[in-house]
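Student: Residues in the sequence shown are numbered consecutively from 1, following our numbering.
Be aware that one or more of the hints could be misleading.
Stated by the list, open to error - When the alpha-carbon atoms are kept at most 20 Å apart in a straight line, the in silico PhoX-like pairs for lysine-lysine are as follows:
{"no.": "1", "residue 1": "K54", "residue 2": "K8"}
{"no.": "2", "residue 1": "K41", "residue 2": "K96"}
{"no.": "3", "residue 1": "K96", "residue 2": "K54"}
{"no.": "4", "residue 1": "K159", "residue 2": "K131"}
{"no.": "5", "residue 1": "K41", "residue 2": "K8"}
Hints listed in this document are in silico derivations from the structure and should not be mistaken for laboratory results.
Please read all numbers here as calculations on a predicted model, not as lab measurements.
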Amino acid sequence: MITISQYKEEEIAQLIAIWNEVVEDGTSFPQMESLDEITGKKFFHEQTYTGVAKAENGEILGLYILHPNNIGRCGHISNASYAVGSKYRGIHVGEKLVLDCISQAKAHGFAILQFNAVVKTNFRARHLYEKLGFVQLGTIPGGFLMKDGYYEDICPYYKRLIDEPRMRI
């Protein structure tokens, strides 16, 4: 059984390790710099919500961050990033993280969840987002610098979180 809850201060080192694993892979996160104890603590604290997936034994499997995508007139749109430890991929941790993130986004008053830069070759993520009802907005050619120096296309996605008649999306 996998549970998801808000991060705790004592979990920061494990969250940093998982986050940095994805950053260092260089194929899906835009960040190029790894987090350390100081920057990691600040980074996770500044998010609207940081969710942590744990196994029954308490081991951390993955995490997500949720925050506004923009400000002011676009402040109702949220954005999120997901990181699953490499040894836990393929067992639906990511799906549980995305579903929890959708719930948290709604609970925090967001009307839309948008992903700005899903790398075109990240087939697992794209399949999951489409399975969960996210809509691809198009393709941005060469929008992501891969670790090997190649520029890959990115595909923005969004999901409307509330049904409000006055929203025209």
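Student: Against the structure, test the hints numbered earlier, and report the numbers of the ones violated in rising order.
Tutor: 2
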